[in-house]
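**Q** As a plain string of letters, each chain reads:
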Amino acid sequence: MSASGLPKTAAVLGPDGLQALIAALAARGMEVIGPVERDGAIVLDRIAGIADLPAGRTDRQEAGSYRLADRDDGALFGYAVGPQSWKRFLHRPVETLFRVRRIGQELAFEPPRETPPRTAFLGVRACELAAIAIQDRVLLGGAYVNTEYAARRAQTFLVAVNCGDPAATCFCTSHDTGPRAHSGYDVALTELLVDGRHEFLAEPGSDSGAALLAYLPTRPATAADWAAAAAVAARAAANMHRRMPSEGLKETLQAHPEHPRWEDVGQRCLACANCTMVCPTCFCTTIEDHSELDGLGAERVRRWDSCFAGDFSYVHGGAVRTQTRSRYRQWMTHKLAHWWDQYGTSGCVGCGRCIAWCPVGIDIAAEAAAFVESSKREEDAHGIA
Amino acid sequence: MARPRLAVIKFASCDGCQLSLLDCEDELLAVAGAVEIANFPEASRAVHPGPYDVTLVEGSITTEHDAARIRAVRDETAVLITIGACATSGGIQALRNFADVGEMVRAVYARPDFISTLATSTPISAHVKVDYELRGCPIDKGQLLELVSALLAGRRPVLPSHSVCVECKLASRVCVMVAHGTPCLGPVTHAGCGALCPGYHRGCYGCFGPAETTNTATLAAQWQALGASRRDIHRAFRTFNAASEPFCREADAHG
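These protein sequences, in sequence, are chains A and B.
So for the first sequence, my numbering puts the first residue at 810; every next one is plus one.
So for the second sequence, my numbering puts the first residue at 36; every next one is plus one.
Read the hints as simulated data drawn from the structure, not as lab findings.
There's no promise every hint is true.
Okay, the calculated bits of chain A under chain B, using three or more residues with CB under 8 Å as the criterion [said to hold, decoys possible]: (1) 819-825; (2) 844-851; (3) 871-883; (4) 927-936; (5) 964-976; (6) 982-995; (7) 1017-1025.
Calculated Cβ distances over 10 Å to all of chain B for the following chain A residues [unchecked claim]: (8) Ala835; (9) Ile859; (10) Gly950; (11) Gly951; (12) Ala1033; (13) Ala1039; (14) Ala1043; (15) Lys1059; (16) Ala1064; (17) Thr1133; (18) Arg1136; (19) His1147; (20) Tyr1152; (21) Val1169; (22) Ala1175; (23) Glu1187.
Remember, it's a predicted structure, so these values are computed and weren't measured experimentally.
Idealized CB from N, CA, C, for every residue including glycine.
Isolated chain A (complex conformation) (with noise of 0.2 Å):
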């Protein structure tokens, strides 16, 4: 039984079935957004047909860089996670809270924003689901609610492809985050090429995916099908090589506030503030104000802010954290350490974003794996076991 008590009644669809997927999501009045190529990279975007996904096409990710390359199965999904995440789409990168006009002696405040369109996700990966359930905890779960992002979410449709080929900077197998979706999707995809077919495993995760699946062309999975789509993620799992310690990491990095790896970073990090802007957990921002020449209009806008950026910890007389090391640690400790007191997760999916759009490739997992080594050494030098 699943979460929402649905039998696991997974169906299974080819190419046409995903297609009518994308035509019914579109007929109940959502945008599909889903991936595309775009600029040298698969970048999420509206789409209407399964025409527009990257068919046979994949990624080869490493620190610092990123290439698209060929792939000869025709496989739709045959790829790793891009440079945006949904983050964008629930999470703005901009956005109006409110416009305000002078009448007279009067402030008329523009009416409440409209309903945000549905819209369907098609192709979120596992990690992403882990990324959007932390931001759901972040942004809705406290005292105060993040009223743009709740009424995106809810809105919000989520269409889930498990991985079967992960780049060489994904890590989610250390954050049991994937590659294989568990949760928060309404229906989770695995692709299959098995003897010549081009076929996809559905299973419902929700009400309305269940009913969604129901009214499209499948055929009811088989034990054979489901073995594929074990073997998938098997693999998937099986060619992800990257590692984030977790061992006694949160521990290690708050106990050294002062460790030397800090200035060693900061000294290659360039503070322009890549990984936060991909991090698909990252969700800090910042309030502009705007007004009109005449006067008689202003804004206020929230916009994705960096705790890399220097304006960032900008109190009076000054910013806060004005070196690089003090910055970098910033991100590193809270993602990976104090999320944990203040979220009771980690702020890490292990999608591996930062490492592979970071311009000049520092490799969060390999910082985490300097900073446990370094801690193990001190600790053995001093005979604690």
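The hints should help you fit chain B onto chain A, whose structure is shown.
**A** Below, chain B without anything else, positioned relative to chain A:
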């Protein structure tokens, strides 16, 4: 309330930045309605004497005469805003700082004895106190309107000092350095242009000058890994903001 009196004063520069004001087109009437344009020779022959509430200063200081003139401009204005790479860092003409000016003058002018110039091109801030600066070669029209609007409303202008990378990511652009291997100065360059060049699949060439925090040495090493030569790196840092300290230092390291 009386409209603030605005002056636009030019030093060594190409006029491109002050033309950004005339380039406002849709907003130009609103600007003219919000401020009294008291001294803007590029726009009107009617030049009214100071003092002014706000002065936009374009260009760098390259002569003794201009060094004296900027002090007079400062004395006559309440708020002084430098606009563009020339005014904020010395501009492309600061390449003279790394060469023998006398030799250049003799090479260029038929009568070098007519030329009276300083050995260096320096930013306005090297001579007088500057209240706000707008970067870029040329400046961004949107930033100019933002600053003028903020001054009129008495609020803090929104002029972030972070890198161009943030603007690329806000605009959903794919990183040209990571995805294409194109050397880009975005990670060390001050925001404000809206990541214009990467939007056209070009590397940022740093016309807004250094960001608030820069690590040019690490970026230069990555450029080398992508195939850039020492000369490429030297020349990349020696353009419109050549005299800004971080760019000057990095160019020297690859000289």
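**Q** Next step is simple, just say for each hint if it's right about the structure.
**A** Comparing the hints with the structure gives:
Taking a C-beta to C-beta cut-off of 8 Å, the segment 819-825 of chain A contributes 0 residues in contact with chain B, too few for the three needed, and the coverage statement is violated. Given a C-beta distance limit of less than 8 Å, the hint that chain B covers the segment 844-851 of chain A holds, as 4 residues qualify and 3 suffice. For the segment 871-883 of chain A, the proposed coverage by chain B is satisfied: 4 residues have a C-beta within less than 8 Å of a C-beta in that chain, meeting the threshold of three. With 0 residues having a Cβ less than 8 Å from any Cβ of chain B, the segment 927-936 of chain A misses the three-residue criterion, and the hint is violated.
Remark: the segment 964-976 of chain A is not confirmed as covered by chain B, as 0 of its residues place a Cβ nearer than 8 Å to a Cβ of that chain, below the required three. Counting residues of the segment 982-995 of chain A whose C-beta sits closer than 8 Å to any C-beta of chain B gives 0, which falls short of three, so the coverage hint is violated. Evaluation of the coverage hint for the segment 1017-1025 of chain A: breached, as 0 residues show C-beta separations to chain B shorter than 8 Å, against a requirement of three. No Cβ of chain B comes within 10 Å of the Cβ of alanine 835/A; the nearest lies about 22 Å off, and the non-interface call holds.
Once the 10 Å rule is applied to beta carbons, isoleucine 859/A is consistent with being away from chain B; the minimum gap is 23 Å. Residue placement check: glycine 950/A keeps its beta carbon more than 10 Å from all beta carbons of chain B (closest about 25 Å). For glycine 951/A, the non-interface assignment is confirmed: its Cβ lies about 25 Å from the closest Cβ of chain B, beyond the 10 Å cut-off. Distance check for alanine 1033/A against chain B: the nearest CB is about 39 Å away, which clears 10 Å, and the non-interface claim stands.
With a minimum CB-CB distance of about 33 Å to chain B, alanine 1039/A clears the 10 Å threshold, and the non-interface call stands. No beta-carbon of chain B comes within 10 Å of the beta-carbon of alanine 1043/A; the shortest separation is about 30 Å. Listed as outside the interface, lysine 1059/A is consistent with that label: its C-beta sits roughly 28 Å from the nearest C-beta of chain B, beyond the 10 Å cut-off. Chain B leaves alanine 1064/A outside its interface by the beta-carbon criterion, the shortest separation being 27 Å against a cut-off of 10 Å.
Non-interface call for threonine 1133/A relative to chain B: violated, since the shortest CB-CB distance, roughly 6 Å, does not exceed 10 Å. Against chain B, the non-interface label of arginine 1136/A is violated: not every CB pair exceeds 10 Å, the least being about 8 Å. Distance to chain B confirms histidine 1147/A as a non-interface residue, since its nearest Cβ pair spans about 23 Å, more than 10 Å. No beta-carbon of chain B comes within 10 Å of the beta-carbon of tyrosine 1152/A; the shortest separation is about 24 Å.
In this structure valine 1169/A is not separated from chain B by more than 10 Å, as the shortest Cβ-Cβ distance comes to only about 5 Å. With a cut of 10 Å on Cβ distances, alanine 1175/A stays outside the contact zone with chain B, its closest approach being about 16 Å. Annotated as non-interface, glutamate 1187/A keeps its C-beta farther than 10 Å from every C-beta of chain B; the closest such distance is 28 Å.
Hint violations for this structure: numbers 1, 4, 5, 6, 7, 17, 18 and 21, all remaining hints satisfied.
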